[in-house]
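Each protein sequence line maps, in turn, to chains G and C.
Heads up, the first sequence is in this note's numbering, so the first residue is 27 and it goes up one at a time.
Heads up, the second sequence is in this note's numbering, so the first residue is 517 and it goes up one at a time.
Hints in this document: simulated from the structure, not taken from any laboratory.
Glycine residues also receive a C-beta, built at the ideal position from the N, C-alpha and C atoms.
Keep in mind that the hints are not guaranteed to be accurate.
[Claimed, not checked] Quick list of simulated restraints, FRET-style, between CB atoms:
id, chain 1, residue 1, chain 2, residue 2, range
1, C, S518, G, D275, 44 to 52 angstroms
2, C, R655, G, G118, 32 to 40 angstroms
3, C, R643, G, Q293, 16 to 24 angstroms
4, C, A644, G, D94, 28 to 36 angstroms
5, C, R550, G, R214, 34 to 42 angstroms
6, G, S243, C, R550, 38 to 46 angstroms
7, C, D641, G, R49, 50 to 58 angstroms
8, G, E85, C, G620, 42 to 50 angstroms
9, G, R49, C, R550, 27 to 35 angstroms
10, G, R82, C, G620, 32 to 40 angstroms
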Amino acid sequence: MKAVDFDYAQPATLDAALALLSRDDVMVRPVAGSQSLGPMLNLRLAQPELLVDITRIPELQAIRREGDRLVIGACVTHARLEDGDYPDVTRGVLPSVAAVIAYRAVRNRGTIGGSLAHADPAADWVNVLTALGAEVVIAGAGGRRTVPMTGFILGVFETDLQPGEIVAEIHVPALSERARWGYCKVCRKTGEFSHATGAVLIDPARGLWRCVAGATSGKPVVIDGPALFEGGCTEAAMAAHLAGSPAADDPIALRTHTVALKRAIAQVMS
Amino acid sequence: MSAHAKTISLTVNGTRVEATVPPRQHLGDFLRERELLTGTHLGCEHGVCGACTILIDGEPARSCITFAVACDGRSVTTVEGLDDDPLAAELREAFSAEHGLQCGFCTPGMLVAARDVVLRCPDADNRAIRTAMSGNLCRCTGYVGIVNAIRRVIDARNTNAG
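Chain G with its partners taken away, still in its complex shape:
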């Protein structure tokens, strides 16, 4: 239960971090709060030669409002999002979801950008930010690019991040005053990783009726349109939507995912 003997750097600027991350003579990994990578290092599932700690870079710590969106730095912790010292444009989504991520001791260190880069299908932000239609700003030695959540999470622990790139910012669009959202995780124990996640958003101002089925052992499954909200969230419908995912062929998993989404839908329809 001890990590391999890695080297460590704690650059003070994003440019310095990206220069280190672009090295190709050593196996290098970025690290933020180390709440997912820490266990992987201890279990030796990850064996990097150099760890680049990006948590001392001020611009990755910032939260700011930019027009109709909230810009969240990659190294903002879940605890800070839970405590809410920022203009919440999401009508409570960010603080409510942050509050149910793992445990407070984990939320104090774990970061929103680290969670996305890790890309565990059961992670809260992976599914909720997909439902919200957020975008990820990726920084690399060659500059910045912006990717929608639906194009960022590609599979289990798989993202669009290329070698040398890190998540720099998350852009979360504001919800309208009439927007409603629901969120349900099926967990046997509080704070554990979800077995099935339902995240839903209705925003009439944007003509948005969105359901996201998460923790499906694949990327989040996005189901747009009003059908599921209008009584269509059945196991048969979900089997079709989850086709190709391991969850579709397992009756218990299929029922669990259907229940998670039904409960999330019930929160907005009540």
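Chain G is already provided as a structure; the job is to place chain C on it using the hints.
Using the frame of chain G, we list chain C on its own:
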């Protein structure tokens, strides 16, 4: 010692500490093996059991999945550092009175986490206490005594404040 050893400077229980550490050494091992602060217990070493919970800059954290090298410039408080903390004293008393421990392995982490719950959730009902404490595992008590101990401290504080 690792070829990658780094020198860090941090505060441990109020005392300035300079140390040269291998980056792979997690904070729990640093506290126990270099600072000889063996009150911090290591259970699972992958962030699940909560036994190793300590405070970094006053906030609870898992010392087994935080690397000591990442704590340069930070202030770390272990259960030993809470000896003279009034709230920790109330909690120790209540854990004893309510049978909030048996073997004691989880207790240092429980006390650190419980202190945070009392400070952060002064109106917590028993369900909220259970949820907030769910990141700390105990294999002896069944949690009833632990929840009652925290309940007792919260109630006493609210009575005194009222």
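Given the range 34 to 42 angstroms, decide if the beta-carbon distance of R550 (chain C) to R214 (chain G) lies inside it.
-> 38 angstroms, holds
Please test the hint of 38 to 46 angstroms on the beta carbon pair from S243 (chain G) and R550 (chain C).
-> 42 angstroms, holds
Within 28 to 36 angstroms or not, the Cβ separation of A644 (chain C) and D94 (chain G)?
-> Taking Cβ atoms as reference, A644 (chain C) and D94 (chain G) lie about 35 angstroms apart, which means the hint holds.
Is 50 to 58 angstroms right for how far apart the beta carbons of D641 (chain C) and R49 (chain G) are?
-> Given a distance of about 52 angstroms, which is inside 50 to 58 angstroms, the answer is holds.
Taking the CB of R82 (chain G) and the CB of G620 (chain C), does the distance hold inside 32 to 40 angstroms?
-> For G620 (chain C) against R82 (chain G), whose Cβ atoms are near 37 angstroms apart, the range 32 to 40 angstroms holds.
In this structure, is the beta-carbon distance linking R49 (chain G) and R550 (chain C) contained in 27 to 35 angstroms?
-> 30 angstroms, holds
At the C-beta level, are R643 (chain C) and Q293 (chain G) separated by a distance inside 16 to 24 angstroms?
-> Because 19 angstroms falls inside the window, the suggested range holds.
If you check the beta carbons of S518 (chain C) and D275 (chain G), does the distance land in 44 to 52 angstroms?
-> Between S518 (chain C) and D275 (chain G), where Cβ atoms are some 47 angstroms apart, the hint holds.
Taking the CB of E85 (chain G) and the CB of G620 (chain C), does the distance hold inside 42 to 50 angstroms?
-> 45 angstroms, holds
If you check the beta carbons of R655 (chain C) and G118 (chain G), does the distance land in 32 to 40 angstroms?
-> 37 angstroms, holds
Of the numbered hints stated above, none is contradicted by the structure.
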